[in-house]
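K.L.:
Protein sequences appear in the order of chains A and B.
If you read the first sequence in the numbering used here, its first letter stands for residue 1, the second for the next number, and so on.
If you read the second sequence in the numbering used here, its first letter stands for residue 1, the second for the next number, and so on.
Among the hints, erroneous ones may be present.
Which copy? The list can't say, so a pair holds if one copy fits it or any two copies do.
Distance condition first, Cα-Cα at most 25 Å in a straight line; then the derived DMTMM-like pairs of lysine to aspartate or glutamate [stated by the list, open to error]: (1) Lys326 to Glu287; (2) Lys476 to Glu427; (3) Lys640 to Asp682; (4) Lys326 to Glu136; (5) Lys638 to Glu624; (6) Lys674 to Asp660; (7) Lys379 to Glu423.
For the record, the hints were derived by calculation from the structure and aren't laboratory data.
There are 2 protein chains.
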Amino acid sequence: MKKHALLLLSSSLAVATASAVEVSSPSGTVRADFNVENGVPVYSVSYKGEKVVLPSRMGLRLVGADDLTDGFELLGTDTSAFDETWQPVWGESSHIRNHYNELTARLSQPATGRRMDVKFRVYDDGVGFRYEFPQEGRLNYFVIEDERTEFAMPGDITAWWITGDYDTQEYEYNQSRLSEIRAINSNGVEGNLSQTQFSPTGVQTSLQLKTDEGIYLNIHEAALVDYSCLHLELDDKNFVFTSWLTPDAQGNKGHLQTPCTSPWRTLIMSDDARDILASNLVLNLNEPCRYDDTSWIKPVKYIGVWWEMIGHDKPWAYTYDLPSVKLDRVDYSNLKPNGVHPANNDNVKRYIDFAAAHGFDQVLVEGWNIGWEDWSGNKKDYVFDFQTPYPDFDIAMLNDYAHSKGVRLMMHHETSSSVRNYERHMEAAYRLMDKYGYNSVKSGYVGDILPRGEHHYGQWMCNHYLYALTEAAKHKIMVNAHEAVHPTGLCRTYPNLIGNESARGTEYESFVGNSTSHTCILPFTRLQGGPMDYTPGIFENDLSKFNPAKTSHVNTTICRQLALYVTMYSPLQMAADVPEVYERFMDAFQFIKDVAVDWDKSVYLEAEPAAYITAARKAKGSDEWYLGAISADARKSKLKLDFLDPTITYEATIYADAPDAHYLTNPQAYKISKKKVTSKSDLSLNIAPGGGCAVSFKPVVR
Amino acid sequence: MKKHALLLLSSSLAVATASAVEVSSPSGTVRADFNVENGVPVYSVSYKGEKVVLPSRMGLRLVGADDLTDGFELLGTDTSAFDETWQPVWGESSHIRNHYNELTARLSQPATGRRMDVKFRVYDDGVGFRYEFPQEGRLNYFVIEDERTEFAMPGDITAWWITGDYDTQEYEYNQSRLSEIRAINSNGVEGNLSQTQFSPTGVQTSLQLKTDEGIYLNIHEAALVDYSCLHLELDDKNFVFTSWLTPDAQGNKGHLQTPCTSPWRTLIMSDDARDILASNLVLNLNEPCRYDDTSWIKPVKYIGVWWEMIGHDKPWAYTYDLPSVKLDRVDYSNLKPNGVHPANNDNVKRYIDFAAAHGFDQVLVEGWNIGWEDWSGNKKDYVFDFQTPYPDFDIAMLNDYAHSKGVRLMMHHETSSSVRNYERHMEAAYRLMDKYGYNSVKSGYVGDILPRGEHHYGQWMCNHYLYALTEAAKHKIMVNAHEAVHPTGLCRTYPNLIGNESARGTEYESFVGNSTSHTCILPFTRLQGGPMDYTPGIFENDLSKFNPAKTSHVNTTICRQLALYVTMYSPLQMAADVPEVYERFMDAFQFIKDVAVDWDKSVYLEAEPAAYITAARKAKGSDEWYLGAISADARKSKLKLDFLDPTITYEATIYADAPDAHYLTNPQAYKISKKKVTSKSDLSLNIAPGGGCAVSFKPVVR
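Only chain A is shown next, with the shape it has when bound in the complex:
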């Protein structure tokens, strides 16, 4: 590929000379260049004058039709500027500025009579671009063999990555040079009920990168709608990533009909890692909220009947007497209960009481519905009906009981990835929720997808996740979908998507443990697309207390668990441990009770991928601030509190790792102290290995 020449003009908006055009960000920090070179669309991206994406080809290969990769001519360009400030229904900030310059390069492919456009939006913190397929010329229906968008990296830079997979993102992140990806990827990956790697150099987005010059670069996608999920495959000789979409059951990667667009391919960039965390680029590239009324969408702090099963190995199932279940044949009333499954009336009431006593909004109950004796691993079609409770879960009584205490139950729909079955029962399941007063559902997609041959991240399933969401909205139901496709900012458009999993969550602390760096990389990567239901708050690290056979360990200090409520932004936050554990640490638990789940303002004070993150956030409609700091390794730092309101004196309550705390050997050692602070104060952090620090700032004097 030849490097193309550009005439550089002073305008920050796009200019065109022959077929070479450019568009710069409002401040000029970021610039995208576009050209058609020998018929091939080529782009590159610069940050502060440095090329962070070298000239890279664009296009798509089609099935049974000429490719959309070459033979193009530039018909013309359209440019515009845009600046708005919008208010999310919930978020890290009450107001988000969406400020970019836009360039649309209109292309034609004369040999085929087809049209394709490439649209760039250039922000001061990055670039989004997408393919647009107008209904002009001869392009109507087309099938994507593969998208061939290149991201040519400026050398053998550092990456934080998880292996490319069509069905799961539940991996630990690797940190390596690009040239090392192949060797590490070949070392094998952990088992998951559904996983499909596609290439020894395949990686997932959001992908965090860093040049040796200290420029942080993040590659992801925004507004993944009616398309298949973006992965990347690396040419590790030339350090060029190429887009790699998720195939359908027949190996094709997208079925499109004009007029349509691809999702945005996003590049967030800065020489300050904190800017990557603060970026709203992915949200901004999504469409505004589609719902007229959003009054029913509210952030949720919740507890749940969950860690008893995940962490303490109690069963979701009601009985041990059913080796195989056919839902339409089984009569549970005749079966012997195992006596230990936690989703029973008495235990759920205990959780409701605890939630009411400590100000939680909701109580999740998993294992409430029939079918769990035989639910996974068999690609079972009629696996759940999402409507029939076990005999010892009195759905009417428990909801009444909860409501009488100002608490709601949270619904749980594990689909076992039998998606036709879920869609068939969805309307009735949502109506059941309406009837009993549920307004949120945690859904799950464990195991291989039915229809068979489809993948979690293909176009078919992306369509399903959005269907489940928009159907839920008709019932004013909020959705927290686990094992779904990576989020891409759709929560702006559909803010009842209040959470996703789409990464390795706290549950892995029970399975095999998470690394101490894991939550130090997630905000850079997984959280770019939207909030994660990470389910923090585990205070008892030693799970062998509940199951002596257990060898896994929760690899954080208690203070790290507290700090996660701030560093892992989400409008949906769980206190995941069990009530009897919290009762042993009520002083530390106070932070979880206090911390907000919706914010007016967020500031990132310190950050380095996979190393440390310090964030502070101002609670929505309040003068309280909350700070969280986490570090993979032991770390000291001194923070200026200049983000605080200079007119207010605060009482800071500091939840700090004890000097001898250590995530492995002494995780429950913490020290809580209080002091008065102002915006002129400093705060010293002293974080243990795998530790953290959490601080609440409550106004005491104005």
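Following the hints, put chain B in place on chain A, whose structure we already have.
P.N.:
Frame of chain A; chain B shown alone:
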């Protein structure tokens, strides 16, 4: 394979010696032998002492598990006799006798600890057998690689067959020796929007066969539920058919969970071809009706806005101005109507008037709903919403108008095989029908299936067809599903399945023409599983009168069209031609007005596969009889009318081909005569090439 020895005992029930067992039919005419030979289950079938199925192996190959084909031991046998008479909701007879002897051979596979049974039901007109998989031992979930049921034929016998295909049955039948199948099959098959042949010797069931000794044998299946459709592949050296199931998107042929069974594999046999047509074996092998209330299920005689499009080439689409439709974006109110699509208010009212004037129950209207501009060939997901009428179809007004005249409209749901989309809209679509007073729907599955990679006849789709049917029953809606899997007698269990297409129907008279033998073979084959919406009644053979470019021709005489209302049994009968054609032939049309669609009794007077069929039926709750006779070639015969009530004198109205009638050159030449007849009378038939004869018998003197 060794021939196994049997001790023949006098009992007509099963006896066992070592592992060889037999079971005979109540009269002893038919006998099934079963043995486990060197661990392999083997059966054979005899008719009047002659082996019509030679020793044939049974079993299934599994995916990722030991096969269920050998290593078996016979644990024991259970035998029983059964005799009942049941009343179908609708049918060829008001009472059906279900009389058989049953043998269950209980097998174990010691090396794997698994169990499998083979159950035989032996009737005087044939045998049904199936695999049963109890939930005992180690067999729980299993995936079928292929079923390996053999049907070893007693030589190079004659077969009437259509090519094996996973997606369509819309073929002309071939008549050949078994040894000739490969050569004929390789001659290529006609195009269809979705077709998938699997083998040069693959054929579909129901398969009609005839030995040189004159024994007629029919192979099909009964009660196809939660399994994939049966086809057969021929070993044309040894004349052994082996079952060949329809694969899913991943190539697997069935996903089962114990306890479960295969469908019945059916063998109907007689030395009189008429017995094959009269057999109720397939219905009898299905479960009794599942619905408590069937009062809402009624046979239907209907006309429709359909042949104008199929035969006269008018469009389903409302406008020519939409090359591509996205349903959620298009506003039809702004588009220019093409002015010729027939599903408009005025034209539909004209059909309603005609239906009311001539006593039809319903008027089908195709092309009433938005999306037809762009509906097929693109594997389009959101292709129809089944709810939004075109601007010129006033659904409320037209239904009110129809109801005011004692007529109903018939709904039409073309899915374009986008099955997820149909299921998503199904409940709303059925509710729309409830709202406007529709009680029947013609559904269609044109084109390749979505989910992609699935086939029309796979387990996934069989599950869907049944879902559409049982969901319809909740709304008291009757279903007539076109392009669905071949019927297997499920209409006994779910009698709101009042019709299917599942064969080459009258529409092909417009496309390329049907052979004159086609409707002489369908009752032997396609109709074994249930009624067909063949849509007879085309009186104008020359379609170039409506579209000068058209070269196809309707290859029957008018009298054949009349006779089909009797020879093609169905509770759903269409008078498919357009009102203005019928108005030219009102004397012949009188037969269609008169003929019943439900019957107390049916007799088959003459029959030979693909050559001729003469049937007479007594109208339900009436003393009227109707007779239909058809013949591929010119044919004369003399019938005894001894089926008539000997106490009644009838006026017979005879609709006969004129002496010079011919399906090609003079198809509209007929002669209508009346005479008094009794059960002692004879009736001479003189059928033209491609012709037929229809007779109504109305009591005049008792």
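K.L.:
Does each hint hold? Answer for all of them.
P.N.:
A quick look at each hint next to the structure:
1. Lys326 to Glu287: For Lys326 and Glu287, only the inter-copy Cα distance (19 Å) is at most 25 Å; the intra-copy one is 43 Å.
2. Lys476 to Glu427: both (13 Å within a copy, 20 Å between copies)
3. Lys640 to Asp682: For Lys640 and Asp682, the Cα distance is within 25 Å only inside one copy (5 Å; across copies 112 Å).
4. Lys326 to Glu136: Intra 52 Å, inter 15 Å, cutoff 25 Å: inter-copy only.
5. Lys638 to Glu624: Cα proximity of Lys638 and Glu624: one copy only (21 Å, versus 102 Å across).
6. Lys674 to Asp660: Within one copy only: 20 Å inside, 111 Å across.
7. Lys379 to Glu423: both (16 Å within a copy, 20 Å between copies)
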